[in-house]
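Build out the structure end to end from the sequences listed, making use of the hints.
Those sequence lines, one after another, are chains A and B. Our numbering applies: residue 1 is where the first sequence begins, and numbers increase by one. Our numbering applies: residue 1 is where the second sequence begins, and numbers increase by one.
Hints are computed from structural coordinates only; laboratory data are not their basis. Check the hints yourself; a few may be wrong.
Unchecked claim - Within a straight-line C-alpha distance of at most 27 angstroms, the following computed BS3-like cross-link-like pairs (lysine-lysine) qualify:
1. K19(A) / K102(B)
2. K74(B) / K102(B)
3. K60(B) / K108(A)
4. K74(B) / K222(B)
To be verified - Label pairs and their calculated CB-CB ranges:
5. V219(B) / E61(A): 33 to 41 angstroms
6. P86(B) / Q101(A): 29 to 37 angstroms
7. E263(B) / D91(A): 33 to 41 angstroms
Since we're looking at a predicted model, the values are computed, not measured. We put the beta carbon where it would ideally sit given N, CA and C, even for glycine.
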Amino acid sequence: MHELSIVMSIVDLAEEQVKKHQAREVDRIELDIGTLAGIEFDALDFAWDAGVKHSVLASAERQINRIEGKMRCMKCGREFTVTEPFQPCPDCNDYLNEFIQGKELRVKSLTMKF
Amino acid sequence: MCSTCGCDQPGGVTITRAGEDQVQFSPLTPGSGSPLAYPHQHGHSHDTRVIEMEMDILGKNDARARHNRDHFRKQGILAFNLVSSPGSGKTALLERTLNDLKNDHRFYVIEGDQQTMNDANRIAATGVEAIQINTGKGCHLDADMIHRALHNLSPANDSILFIENVGNLVCPALFDLGENARVAIISVTEGDDKPLKYPDMFASSQLCIINKIDLLPYVNFKVERAKEYARRANPSIQFLELSATTGLGMSSWYQWLEKRIAERKQEAVLV
Ligand SMILES: Nc1nc2c(ncn2[C@@H]2O[C@H](COP(=O)(O)OP(=O)(O)O)[C@@H](O)[C@H]2O)c(=O)[nH]1
Ligand SMILES: [Mg+2]
Ligand SMILES: [Zn+2]
Ligand SMILES: [Zn+2]
Ligand SMILES: [Zn+2]
Ligand SMILES: [Zn+2]
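Dropping the structure here:
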């Protein structure tokens with residue numbers, strides 16, 4: 001389950017920041033996660049509690065901004081939302097699409113407690 | 001081997017050379033990665049402050065992968081990351097390749113599995129140096145594991161490193177190891193819609209090997225359909241069809257490898 005290693009990476013980032021800012025712990029964490037990022041949201045949920053135990057995130061409130069997948073058709077220029085990485089343009093049925101968003105996997109902000 | 005990095009990363013991972021039973025062990029307990037070393041302030045106030053980070057969660061892995069890539073470039077090493085479902089024939093492909101080419105090139109193998117030394121031992125039987133990474137519960141190799149294995153192996157200049165990833169078409173797609181090329185293997189005993197089901201892996205691979213073609217007469221696997229599905233995810237992906245056990249089609253794989261080796265030599269001249 002790579003979601004656990006994702007959580008561990010988030011913990012690492014948070015601990016670094018807490019150290020850097022000489023804070024006590026994290027009050028709130030905001031994540032941007034694309035629906036095409038290869039993350040199962042349920043599995044992330046499941047991994048979260050185990051992963052943050054005894055860390056600066058142990059009691060942090062978590063907000064996940066789900067960023068929906070978007071592509072632009074290279075033929076007709078239409079922008080459309082996708083739920084899978086490779087979906088054809090609804091108009092031309094073509095698979096040559098330009099990726100716009102949905103693969104985000106980042107910590108957007110941390111609210112530190114001092 | 002390196003001067004810029006700490007190699008003491010903890011993790012739930014053991015790294016063991018084939019032929020040795022000495023194990024570097026650090027059990028995986030979630031959250032044990034870093035003890036709470038942050039300064040604890042006195043007089044518990046309730047001040048809070050928002051820090052905008054916009055930081056990539058996989059940033060560390062990517063940085064370590066770049067570092068591995070530096071190692072490879074400086075030493076003229078070619079590294080290939082082999083990914084597939086369990087049982088598609090990664091180890092069989094390596095065994096035959098090493099037996100056929102070991103007199104022409106210097107090879108090393110890093111084997112990734114959740115448990116056992118089996119694959120490293122199979123490789124060691126060919127006479128090639130192999131190291132086993134056991135990821136425990138982990139479902140993929142990451143750049144840091146590869147880095148630690150590299151320090152242990154100390155590969156020679158101008159050699160070829162094969163990395164056999166944990167059998168899994170999902171998770172390894174996310175983790176760059178610093179490889180020069182990623183090779184996805186599917187076998188004809190799997191569904192030809194694998195590339196449709198696991199598009200990320202095919203999108204991030206440069207080569208797709210269709211293995212076990214000796215079994216094509218017995219299964220309902222349409223090679224052209226599998227290719228069409230893989231091209232949806234990655235229009236520029238290349239294909240090879242072969243059988244690692246009968247040897248059919250292996251020469252196309254060797255040609256592909258020799259071409260990569262020639263390209264690397266070309267780059268070395270230019271640098
Ligand atoms: N018929 C046939 N069997 C193969 C071929 N390649 C591998 N196998 C068999 O498939 C099984 C799994 O192979 P292995 O190399 O261990 O797969 P891995 O899990 O991807 O490393 C073994 O029993 C192999 O002998 C092939 O080309 N043809
Ligand atoms: Mg294997
Ligand atoms: Zn996983
Ligand atoms: Zn279109
Ligand atoms: Zn290094
Ligand atoms: Zn190092």
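Now the hints, each set against the structure:
Restraint check for K19(A) and K102(B): not satisfied, since their Cα atoms lie roughly 50 angstroms apart, outside the 27 angstroms limit. Among the hinted pairs, K74(B) with K102(B) is consistent with the structure: their alpha-carbon atoms are about 22 angstroms apart, no more than 27 angstroms. Restraint check for K60(B) and K108(A): satisfied, since their Cα atoms lie roughly 16 angstroms apart, inside the 27 angstroms limit. Between K74(B) and K222(B) the alpha-carbon distance is near 42 angstroms, which puts this suggested pair outside the 27 angstroms criterion.
Hint check: V219(B) to E61(A), Cβ distance near 51 angstroms, so the stated range 33 to 41 angstroms is violated. Distance hint check: the CB atoms of P86(B) and Q101(A) are about 33 angstroms apart, consistent with the given range 29 to 37 angstroms. Range check, E263(B) to D91(A): Cβ separation about 40 angstroms, and the 33 to 41 angstroms hint holds.
Checked against the numbered hints above, the structure breaks hints 1, 4 and 5 and satisfies the rest.
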